[in-house]
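Going line by line, the protein sequences match chains R and S. Take the first sequence: its letter number 172 is residue 172 in the numbering used here, and every next letter is one higher. Take the second sequence: its letter number 167 is residue 167 in the numbering used here, and every next letter is one higher.
Hint data in this document are derived by calculation from the structure and do not stem from the laboratory. Hints should not be assumed to be uniformly reliable.
[Unchecked claim] Reference listing, derived: stretches of chain S covered by chain R, where coverage requires no fewer than 3 residues with Cβ under 8 Å from a Cβ of chain R:
1) 195-206
2) 222-229
3) 249-257
4) 499-505
Here a beta-carbon is modelled for each residue, glycine too, at the ideal position from N, C-alpha and C.
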Amino acid sequence: MSEATTSVAQAPGAWTLPYRGKVGMACLIIAESAIFTIFVVAYLYYAGKSLTGPTPGEVLETPIFFTVCLLSSSLTIHFATRFLERGGRGGFLGLWFLTIFLGGLFLFGTGREWHRLIYDHGLTISTNLFGTTYYSLVGLHAFHVTVGLIMLSIVFLFGLAGRVGSEQTARVETLSMYWHFVDVVWIVVFTVVYILGR
Amino acid sequence: MSSDAMAIRAAEIEGRPWVETMHDWITTVDHKRLGILYILFAMLFLVIGGIEAILIRVQLMHAHNDFVSPQVFNRMFTMHGTTMIFFVIMPFMFGFANYLVPLMIGARDMAFPRLNAFSFWLTAFGGFLLYFSFLGGGGLYGAGNAPDVGWWAYAPLTSRAFSPGHSADYWTIAVLVSGFGSIGTATNIIATILSMRCPGMTLNRMPLMGWMTLVMSGLVLISISPLSAAQIMLLVDRYLGGHFFDTQAGGSAALWMHFFWIFGHPEVYILVIPAFAFASEIIPVFSRKPIFGYPVMVAATVCIGFISMSVWAHHMFTIGMDSAANTFFVLTTMAIAVPTGIKIFNWLGTMWGGKLQFKTPMLFCIAFLFQFLIAGLTGVMLGAAPFNWQLSGSYFVIAHFHYVIVGAILFCMFGAIYYWYPKITGRMLSEGLGKLHFWLFVIGFHLTFDLMHIPGVLGMPRRIYTYEPGRGWDSWNFIVSIGAFIQGIATLLFLANLVISYFKGPKAGNDPWDAWTLEWSVSSPPPVYNYAVIPTVASRRPLWDRKHPEDPDSRYE
Numbered sequence: 001m002s003e004a005t006t007s008v009a010q011a012p013g014a015w016t017l018p019y020r021g022k023v024g025m026a027c028l029i030i031a032e033s034a035i036f037t038i039f040v041v042a043y044l045y046y047a048g049k050s051l052t053g054p055t056p057g058e059v060l061e062t063p064i065f066f067t068v069c070l071l072s073s074s075l076t077i078h079f080a081t082r083f084l085e086r087g088g089r090g091g092f093l094g095l096w097f098l099t100i101f102l103g104g105l106f107l108f109g110t111g112r113e114w115h116r117l118i119y120d121h122g123l124t125i126s127t128n129l130f131g132t133t134y135y136s137l138v139g140l141h142a143f144h145v146t147v148g149l150i151m152l153s154i155v156f157l158f159g160l161a162g163r164v165g166s167e168q169t170a171r172v173e174t175l176s177m178y179w180h181f182v183d184v185v186w187i188v189v190f191t192v193v194y195i196l197g198r
Numbered sequence: 001m002s003s004d005a006m007a008i009r010a011a012e013i014e015g016r017p018w019v020e021t022m023h024d025w026i027t028t029v030d031h032k033r034l035g036i037l038y039i040l041f042a043m044l045f046l047v048i049g050g051i052e053a054i055l056i057r058v059q060l061m062h063a064h065n066d067f068v069s070p071q072v073f074n075r076m077f078t079m080h081g082t083t084m085i086f087f088v089i090m091p092f093m094f095g096f097a098n099y100l101v102p103l104m105i106g107a108r109d110m111a112f113p114r115l116n117a118f119s120f121w122l123t124a125f126g127g128f129l130l131y132f133s134f135l136g137g138g139g140l141y142g143a144g145n146a147p148d149v150g151w152w153a154y155a156p157l158t159s160r161a162f163s164p165g166h167s168a169d170y171w172t173i174a175v176l177v178s179g180f181g182s183i184g185t186a187t188n189i190i191a192t193i194l195s196m197r198c199p200g201m202t203l204n205r206m207p208l209m210g211w212m213t214l215v216m217s218g219l220v221l222i223s224i225s226p227l228s229a230a231q232i233m234l235l236v237d238r239y240l241g242g243h244f245f246d247t248q249a250g251g252s253a254a255l256w257m258h259f260f261w262i263f264g265h266p267e268v269y270i271l272v273i274p275a276f277a278f279a280s281e282i283i284p285v286f287s288r289k290p291i292f293g294y295p296v297m298v299a300a301t302v303c304i305g306f307i308s309m310s311v312w313a314h315h316m317f318t319i320g321m322d323s324a325a326n327t328f329f330v331l332t333t334m335a336i337a338v339p340t341g342i343k344i345f346n347w348l349g350t351m352w353g354g355k356l357q358f359k360t361p362m363l364f365c366i367a368f369l370f371q372f373l374i375a376g377l378t379g380v381m382l383g384a385a386p387f388n389w390q391l392s393g394s395y396f397v398i399a400h401f402h403y404v405i406v407g408a409i410l411f412c413m414f415g416a417i418y419y420w421y422p423k424i425t426g427r428m429l430s431e432g433l434g435k436l437h438f439w440l441f442v443i444g445f446h447l448t449f450d451l452m453h454i455p456g457v458l459g460m461p462r463r464i465y466t467y468e469p470g471r472g473w474d475s476w477n478f479i480v481s482i483g484a485f486i487q488g489i490a491t492l493l494f495l496a497n498l499v500i501s502y503f504k505g506p507k508a509g510n511d512p513w514d515a516w517t518l519e520w521s522v523s524s525p526p527p528v529y530n531y532a533v534i535p536t537v538a539s540r541r542p543l544w545d546r547k548h549p550e551d552p553d554s555r556y557e
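Just chain R, same shape as in the assembly (with noise of 0.2 Å):
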């Protein structure tokens, strides 16, 4: 049936749609934008609303390091991709490790602020909302950066048995397209919990 189709004529080539790893991508991050925004905005509602300590402004020191660290693995992953696209597998190698190692040391950081939060100001989860508020926003964007570090280390490894060649750059760039999201919802969350909550 189908090849009776009335066809205006079209060059072929000419009908060109936009990648579907991106789209679903694209899809990904305005749902989990969603979450976030709901999590974000519990953050402040409660701000300053416990009815016991600790407070953010007595316990809460800012990550300036690890923020760096994060943000900057943004930028190794754009170039490493670019590596990829030109077929610079060296180049594409080291730079998706610097953005697993940066990312992995950013996720250090957390763990680090969470041990002296719970072990030096006895913050935990149930304390008091800025406790519940606190462990739940930073936890759920320190599981999309776990998510996202698993992820680029499957990817890493099939580069070092030379299964990721430049064919594979719209792929790598879906999954950059979510990296470069959780670097810019730790931006959100930053200035939410470091700066305005206290």
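Let chain R serve as the given structure and place chain S on it in line with the hints.
Quick look at chain S alone, frame taken from chain R:
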């Protein structure tokens, strides 16, 4: 000898072991099979949710009835609401989107077939998990079984103190899991529509079903996610001792309301926009005219999508917001009536001067037009804050939203099944049984939901398990229940029609309705690969062009 062997071999091919067939269905990633699974799943839960509704109506038939206990009554209305919203209408709409959108836009499958299967099974297991609560909800406390917190589960009713055991957890996790499934399918639909259209199928030529499904999926992304976030917070409260909705530690019960309704109102449009999509496909075909005002329809749909994000607090007028907030939400609620009204005029404009054919799908769509109008009018009434203060939480509200969900959405769902059943199964549904189903259902529907407004105006609150005699509610409730039974019988007739016609119905052929969208160009049921050659289209009605090469639409668009 040899011919015997041949016969045996043929029998083996004919009668494959049922285990193998089951295995094929369970592991399938084909959009058509997943669509059918979604629809069957929705049908199963439609029956279950319907039985719960019947139990509720039996209990309320007369004053001081003790057919079910108050506890069971609470479980019934909670499960009925949750089931109908999350496990009947949403999977049904996703099922049809899954089945039809790739066919309509000339694609061979969805963008992510495995994500598609994953999303379906998340939704399915969410539903089974919700119903497992009847067995497991008591937990070690032996307290209650199925969730009984109402479908919006206001805090602090869901806190450990008021919901011991696991009943509230089953509700939370079932809704959370099926929510992830919905987000997966919505992502898939958007990627399919944006990236898989066949050559020539510009967004401007896409069937309205494609546009409306696109808007609906966008709404799913933006509004199911807040619900998921709120459910995660509720789980943190219940399992990790968090204080999000714990008023004794400074938390806010009103925040849950906001989070729930930020999901809850767009959800209404997530459910009704696909119903609009069905009407927009069916009405033109049975009016023998192209849809009136295609660009305006698209614009109105997108407009509804945007406005629906800003009306949620009209569910909360009675909690005491300030007058600025009240005014804002009254105005946005009134505003959303405008694009909705435009749509109704466009459907009427499509029918105006057309050669109307009153086949069963068209009958359901015509009833939808009338009933949706009335539902919209009571919606405008409830959208006015002072009126809402008087009637919020009464049976007037129940009557209003059932008018939307049954009178508009369910009617379009029935219409869609009568319209696309021939494509899906290759057999026509019986027109006679279909018309009987239609008229019985219309009578039952109006007996139930027209009259339900009245006890609401007389002050009958929702969610009460019984009432005192002599308040003027008795006879209304009795008739309302009778109407519910008639709807139940009509639904059974419908199910019987589905089964009988599957075996006995006349063969449908490729295009039984002389329709214009691409799904009717392939065989019924369509081949696994949909299109042997990917079609090329030049107008909004590609099949019209093919049938009328002397006067194609492409000449005028």
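Between the region 499-505 of chain S and chain R, see if three or more residues pass the 8 Å beta-carbon test, and mark the coverage as holds or violated. Violated, because only 0 residues of the region 499-505 of chain S bring their Cβ atoms closer than 8 Å to Cβ atoms of chain R.
How does the coverage statement for the region 195-206 of chain S fare against chain R, requiring three or more residues with Cβ below 8 Å from a Cβ of that chain? Coverage by chain R holds for the region 195-206 of chain S (5 residues, Cβ < 8 Å).
Between the region 222-229 of chain S and chain R, see if three or more residues pass the 8 Å beta-carbon test, and mark the coverage as holds or violated. holds (count 7)
Are there three or more residues in the region 249-257 of chain S whose C-beta lies closer than 8 Å to some C-beta of chain R? holds (count 5)
Violation of the numbered hints given earlier is confined to hint 4; every other hint is satisfied by the structure.
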